[in-house]
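Heads up: the sequence shown begins at 0 in numbering that gives the first Met the number 0, then just goes up one per residue.
Keep in mind that the hints were calculated from the coordinates and are not lab data. Think of the CB as a built atom: it goes at the ideal place given N, C-alpha and C, for glycine as much as any other residue. Watch out, some of these pointers could steer you wrong.
To be verified - Computed beta-carbon distance windows for the label pairs:
| id | residue 1 | residue 2 | range |
| --- | --- | --- | --- |
| 1 | P244 | G199 | 29 to 37 Å |
| 2 | R49 | A179 | 43 to 51 Å |
| 3 | Y193 | R281 | 13 to 21 Å |
| 4 | D55 | D148 | 44 to 52 Å |
| 5 | K103 | Y193 | 17 to 25 Å |
| 6 | D55 | G211 | 50 to 58 Å |
| 7 | A201 | R44 | 50 to 58 Å |
| 8 | R78 | S40 | 34 to 42 Å |
| 9 | D189 | T53 | 49 to 57 Å |
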Amino acid sequence: MSEREQVQAAREAFGQRLRGLRLDAKLNGRQLSARSGMRDSKISRIELGRQNPTEDDIRVWCRACDAEDQIVELIAAHRQIDEMWEEHRQAMRAGLKQQSERIKPLYEQTKLIRAYEPQTVPGFLQRPGYTRAVIEDVSRFHGLTTDMDQAVEGRLNRLRVLESGRCVFSMVIEAGALYAQRGGVAVMLDQLDYIERAAGFANVALGIIPLGRLRTIWPGEGFYVYDDSLVRSEHWTGGYRTRRPSEIETYLRIFKLLQSQAVYGRAARAEIEAARRLLQSRENS
0 MSEREQVQAA REAFGQRLRG LRLDAKLNGR QLSARSGMRD SKISRIELGR
50 QNPTEDDIRV WCRACDAEDQ IVELIAAHRQ IDEMWEEHRQ AMRAGLKQQS
100 ERIKPLYEQT KLIRAYEPQT VPGFLQRPGY TRAVIEDVSR FHGLTTDMDQ
150 AVEGRLNRLR VLESGRCVFS MVIEAGALYA QRGGVAVMLD QLDYIERAAG
200 FANVALGIIP LGRLRTIWPG EGFYVYDDSL VRSEHWTGGY RTRRPSEIET
250 YLRIFKLLQS QAVYGRAARA EIEAARRLLQ SRENS
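Using the sequences and the hints, build the whole thing.
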């Protein structure tokens, strides 16, 4: 499925949820129309995903079905649909620096950020050389032209948020991210040094899941949870966003399981040192 197809599928699924409320209330279309003031044809289009309901429509629908306790969850789900997927190329047309500036207020307003990355150092920990290598890879893959210095400067907003101490970070990284070279050995050694230093910051809890660990939760896409109100996850072709309480709860459960697989403190530093030794051996060979 393309992103647009997934959005349409989500709209149809949302319409089916509203239909389920109607059926649970033992109402047919005409009865719901009489209670809500909506036309039969509009009710049908909404249930089939052919018309996007307004938030007022959702409130009226729930009240008519004696399901007022579901209003908050359904409105959150509805708001998510149009912002659920954001194509990378569309997001990047304005430029990588502008993209970073657009999300900067989110970073600055959040009090707790939980982050999981399977193959990449989390953006909030990235040093300039590593960030440059990541941007070069993304630009090359998507055929983008960008002012590299400006793009790197924009992305370093994340590092500044971490170092400001205004926000608490809980991060889990798969050990594979420490071995996946970006930008060469020197860049990686600098990056590993910084990860080890940042792990000692008062506002940072860093867990590393060792290679070969017996898993109770499988590695998946990287994701970030901002307080308990937003999840962002980057995929190959687009970024996933959700504010739905039920979805956020699922991601928090996943994060807790990932934390249980990770090592912290001295054991985490040993994982970083093992990656450093391997890089140094390659540099000297």
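Taking the hints in turn, this is what the structure says about them:
1. Checked against the hint of 29 to 37 Å, the C-beta distance between P244 and G199 comes to roughly 34 Å, which is consistent with it.
2. The given range of 43 to 51 Å is respected by R49 and A179, whose C-beta atoms sit roughly 45 Å from each other.
3. For the pair Y193 and R281, the supplied restraint of 13 to 21 Å holds, since their beta-carbon distance comes to about 19 Å.
4. For the pair D55 and D148, the supplied restraint of 44 to 52 Å holds, since their beta-carbon distance comes to about 48 Å.
5. A C-beta distance of roughly 21 Å is found between K103 and Y193, which places it inside the suggested range of 17 to 25 Å.
6. Between D55 and G211 the Cβ separation comes to about 54 Å, which falls inside the hinted range of 50 to 58 Å.
7. Evaluation of the 50 to 58 Å hint for A201 and R44 yields a pass: the beta carbon distance comes to about 54 Å.
8. Between R78 and S40 the beta carbon distance is about 25 Å. The supplied range of 34 to 42 Å is therefore violated.
9. In this structure the supplied range 49 to 57 Å holds for D189 paired with T53, their Cβ-Cβ distance being about 52 Å.
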